[in-house]
Amino acid sequence: MPFSSTLASASSESHIFFALAAFLVSFSLLKRTAALLDGNLYAADLSLTFGYTAAHVNAAASTSAGLLAASALFSEVSTVAFGFLASAIVSLAVQSLGPSGKPLLSLNQIPIVNAIVHAVETGFLTAAILGNNPEYAELAVTLAGLRYLLALGSLVLAAVSTVQFLFSWIKTIGRDGRQQIPKVKKQ
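Sequential numbering from 77 applies to the sequence shown in the working numbering.
Don't read these hints as lab results, they were simulated from the structure. Nothing here was measured: the structure is a model prediction, and the numbers come from that model. Using N, Cα and C, we set each Cβ at its ideal position, and we do this for glycine too. Do not rely on the hints blindly, as some may be mistaken.
[Stated by the list, open to error] Pair by pair, the computed Cβ-Cβ distance ranges are: (1) PHE93 to PHE243: 19 to 27 Å; (2) ILE249 to SER104: 31 to 39 Å; (3) VAL101 to GLY142: 30 to 38 Å; (4) ILE246 to ARG108: 33 to 41 Å; (5) GLY207 to LEU173: 18 to 26 Å; (6) ILE249 to PRO210: 55 to 63 Å; (7) GLU89 to VAL196: 47 to 55 Å.
Based on the sequences and whatever the hints tell you, model everything.
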């Protein structure tokens with residue numbers, strides 16, 4: 077649980093804004109770089125694909141190495157930033173539950189694990205395309221299946237966490253739009 081606590085303490089507003097900026101910049105660069113890649117690449121970009129085959133990877137071996145490396149780099153930054161954002165949402169939702177949500181704090185690791193698996197998969201995929209290596213392609217395909225399950229779990233978790241966080245945030249805002257501060261009784 078120490079890693080969960082570290083993730084929870086790192087989910088401050090400034091860190092979330094930095095991660096959001098990194099995600100938006102890297103994802104927009106990823107989309108622009110992917111538009112220049114060969115048309116027979118397995119997807120329009122290297123971050124949103126669920127399911128491809130080793131044949132698709134080997135068919136893309138003629139792709140320019142520089143563009144592919146740039147696309148892989150932007151994909152890595154985008155994936156890590158998005159994983160942190162999802163983890164921060166889960167951490168904020170668990171913190172909004174108060175002390176009763178403490179056992180659920182370990183759930184904030186699921187998006188980070190998803191980001192790590194995605195980063196390793198992107199590395200294998202890039203190595204498979206650059207080296208025309210079918211073994212790396214098969215490893216990337218295997219990790220894609222695991223990432224698919226983790227991504228679905230992360231998305232469901234982020235959706236539930238967002239609803240919980242917004243519900244608790246709306247409850248703390250008064251009808252006049254000001255935040256309600258609990259009054260301390262003098263003794």
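Each hint tested on the structure:
1. PHE93 to PHE243: 19 to 27 Å: The hint (19 to 27 Å, Cβ to Cβ) holds, given that PHE93 and PHE243 are roughly 23 Å apart.
2. ILE249 to SER104: 31 to 39 Å: holds, 33 Å
3. VAL101 to GLY142: 30 to 38 Å: violated, 20 Å
4. ILE246 to ARG108: 33 to 41 Å: holds, 38 Å
5. GLY207 to LEU173: 18 to 26 Å: Given about 48 Å between the Cβ atoms, the range is violated.
6. ILE249 to PRO210: 55 to 63 Å: The hinted range 55 to 63 Å holds for ILE249 and PRO210, with Cβ atoms some 56 Å apart.
7. GLU89 to VAL196: 47 to 55 Å: Given a distance of about 30 Å, which is not inside 47 to 55 Å, the answer is violated.
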